[in-house]
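J.: Chain residues, written in single-letter form:
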Amino acid sequence: MEVQLGHYLALASIIFGIGAIGFLTRRNVLIQLMSIELMLNSVNLTLLAFNRWASSDHAGQMFAFFVIAVAAAEAAVGLAIVVGFFRLHHTVHTDQANTLKH
Amino acid sequence: MSPWLALSPLLVVGIGSLTVMMVDAFSNKKDDLSILSSAILIAAAAIAGSLWFGGLPPQTPEILAPYLAVDAMSQFFNITICGGAALCAMLAGGYLREHDLERGDFYSMLMLCAFGAMVLSSATDLVSVFIGLETMSLGVYCLVAFRRGSARAIEGAIKYFLLGSFAAAILLFGSALLYGATGHTDLLGIGQTIRNGNAELGLALVAMSMLVVGLAFKVSAVPFHMWTPDAYEGAITPATAFMSVVVKAAAFAVMLRVLITCFGDPLSAGAASGWPPIIAVVAVVTMIYGNIAAIYQSNIKRMLAYSSIAHAGYILIGVVAAFRVQNTAVSAVLYYLMAYTVSNVLAFGSLIVMGTRGKEAVTFDDLAGAGKRHPMAALPFIIGMLSLMGFPPTAGFFGKYYVFNAALQADSGMHWLVIIAVIASAIGAFYYLRVIVYLFMKDPETGAPQAVAMKSGYVVTALVLSAYFVLEMGITPSNYLKMALAAAAGLV
Amino acid sequence: MSIAAISFFFVCGAVAIASALITVTQNNPIRAAFSLLAHIIALAGLFIGLQGHFLAVIQLIIYAGVVVVLFIFTIMYIGPVPKPESAGRPSFAKLFSIAGMVVVTGAVTYAALGYSPALKGLNTCPEAVAECGQFGGVEAFSAALFRGGVVPFELISILLTVAVVGAIMVARGRLIYREKPRRKKQELSIENNR
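Residue numbers (the numbering used here), protein chains in the order written: chain L, 210 to 311; chain W, 369 to 860; chain E, 1362 to 1555.
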């Protein structure tokens, strides 16, 4: 047996799904942020897998490189907002974010 | 043309934001920063204009080629974005001082966001689309959280951030699949591969729907609008104005580029298959929901947030029409975006001018009778509301007119879309007129808080400029439509 | 493909999925952060299997070294959160979204498993040689990056500036004023928080 592109894509879509479900169901902001990191990670895996199979240059790997940089920046800003949220509410549960009318 | 010259609007804004940061660090007078940043942004808009009218290069410089376009459309958006951002910086100059929030980082962040929006609107590669989108979005999340002592601001920011990052991740997964389906990351290469039939079509269609979801989120189309009212209400008003004009314009620019350049082939842009029917349904839901939800708002900023959702619906009609009559529809969308930029700055600017610290206009009740007390401050409010409503001698009227016209030309099957849009804008007239009714025909209840108008040269300048453009675009729309047509021709 | 390479894929894949599941189900954020770390290391292993040697290293440095550390730092700063997640009845929307995502993920996974195009001829390193200047190595990758990707590389610098300025803008300083959760119309003033 060989490890095929399909295996990598299946793995990536499972991780993406886990991240998406985690994001949608959890109410702890920190866990939600980690779920987003999981989703970005699965994108990186997809990009590398496609780059290995579908093309002959480094386009996919370069894309993944930039995604990693963006993910780090996003985590920094996200955690800063979480710290700001925590200072006001003394919690990290988004259920507490209900000051604004719905 | 050298790449430096081609990139000069971007470079001016980028270096300008760093300059503002430096000036902020070494000076004590924060209101100068408003002048400085709006001057830099206007200069960037002027440079983009002179690049455009001085003759664009027939080909993008090689080093930029796959990533950023230097075409007429990108210059059009550079002008719109820089102009809108400059007006917002002026609004901030008055607002931040009045509310004792003066911090220089607001201006540098505003310019960095404008930089991201400019990158996004001229991006021609999935990589630069993503980087531009994130640069703009991360900056806007921080602008929403600017008033960090306020629970509302942080709450709006956290909702916006979480949903925005989720949408960005979906968009990114779509980009990765699109790369896998075609082997390219540049939009032109993707489009050609799909046209030639060398792409994995199933994968490309899945990727397309994911990209549409991500972009629909950024333009706040229903059902991806949940963040909009909260983020708009939580942010300080100049930041709200910035979000509603610059972010929206850049998101529509990239939407047009991705849909037309990548998925312009007959199969994925067909009337029965591909994106036009999806976007048409989204447009209908967005218009109806935005307008009806806006009626039930008592908070003016939330009302304007739902109104911006409704306007996204009208613009989406133009995007749908672009699959048949590309030039007409794209130019209509561009005209609409420009008109919407000036009208919305006018609306939010009037909201700012209607309030001093502690006595600001938050709900409709605060506005009761304000027109009688401060007729000069109410005048721009009226013009802004009429333009958003689409009343004839204003920019908003011609924006709607051109978009609906393009839809009628595109396909006989789109008549129903235009009929729904007209009904929706008739519903919309209700809540815009309600503002005017409250301003002039209601008397405040005894003891209720009353909004008191502020005095600020910056805000007045921004209001005069945007009111001028709202009327000018309404009285001589053909000049601006010509500009939009020339810009639309740049889109391949 | 050798047995070792195949089993390497399955081990890394199993660790990645298991640690991802632990991350999203864990109630204790520290444990979630550590299983995120395990996930990232497993993914770095998968990257090596895909000839992404340089990216595997970057993954470890940036994700494991920066992002996870930032998470742990924030969790430590925040300290133990008083209220545990409410274990009320899951709402209809929540169940619906879970079911929807499970169905979509399952369908995509099933479709992907049957997808097996042939490998294109890449100049890859021979197996068990990590660095050879070919596809995915530092030399080849950086040549591609600095010849073909200069523009996004420079744009990233502005993005990082945004992140730095933004993080300072949002989280700097001490809190002076704490707003009451639902304020009345009479106290519409905006607090001073310079």
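Hints were generated in silico from the structure; no laboratory data involved.
Built from N, CA and C at the ideal position, the CB exists for glycine as well.
Do not rely on the hints blindly, as some may be mistaken.
[Stated by the list, open to error] Anything over 12 Å on all C-beta distances counts as not near chain L; from chain W, calculated:
| id | residue |
| --- | --- |
| 1 | PRO425 |
| 2 | SER533 |
| 3 | LEU539 |
| 4 | VAL653 |
[What the hints assert, rightly or not] Okay, the calculated bits of chain W under chain E, using three or more residues with CB under 8 Å as the criterion:
| id | stretch |
| --- | --- |
| 5 | 481-488 |
| 6 | 504-512 |
| 7 | 773-783 |
[To be verified] Just a few of them, taken from the derived set where beta-carbon distance is under 7 Å, the chain L residues facing chain W:
| id | residue |
| --- | --- |
| 8 | PHE232 |
| 9 | GLN241 |
| 10 | ILE245 |
| 11 | MET248 |
| 12 | LEU249 |
| 13 | THR255 |
| 14 | PHE259 |
| 15 | ALA268 |
| 16 | PHE275 |
| 17 | ALA281 |
| 18 | GLY287 |
| 19 | ILE290 |
| 20 | GLY293 |
| 21 | PHE294 |
| 22 | LEU297 |
J.: Does each hint hold? Answer for all of them.
T.: Okay, the hints, checked on the actual structure:
no.	hint	in the structure
1	PRO425	25 Å, holds
2	SER533	5 Å, violated
3	LEU539	10 Å, violated
4	VAL653	19 Å, holds
5	481-488	holds (count 4)
6	504-512	holds (count 4)
7	773-783	violated (count 0)
8	PHE232	6 Å, holds
9	GLN241	6 Å, holds
10	ILE245	5 Å, holds
11	MET248	4 Å, holds
12	LEU249	6 Å, holds
13	THR255	4 Å, holds
14	PHE259	4 Å, holds
15	ALA268	5 Å, holds
16	PHE275	6 Å, holds
17	ALA281	11 Å, violated
18	GLY287	6 Å, holds
19	ILE290	5 Å, holds
20	GLY293	5 Å, holds
21	PHE294	5 Å, holds
22	LEU297	5 Å, holds
The structure does not agree with the numbered hints 2, 3, 7, 17 stated previously, though it agrees with the rest.
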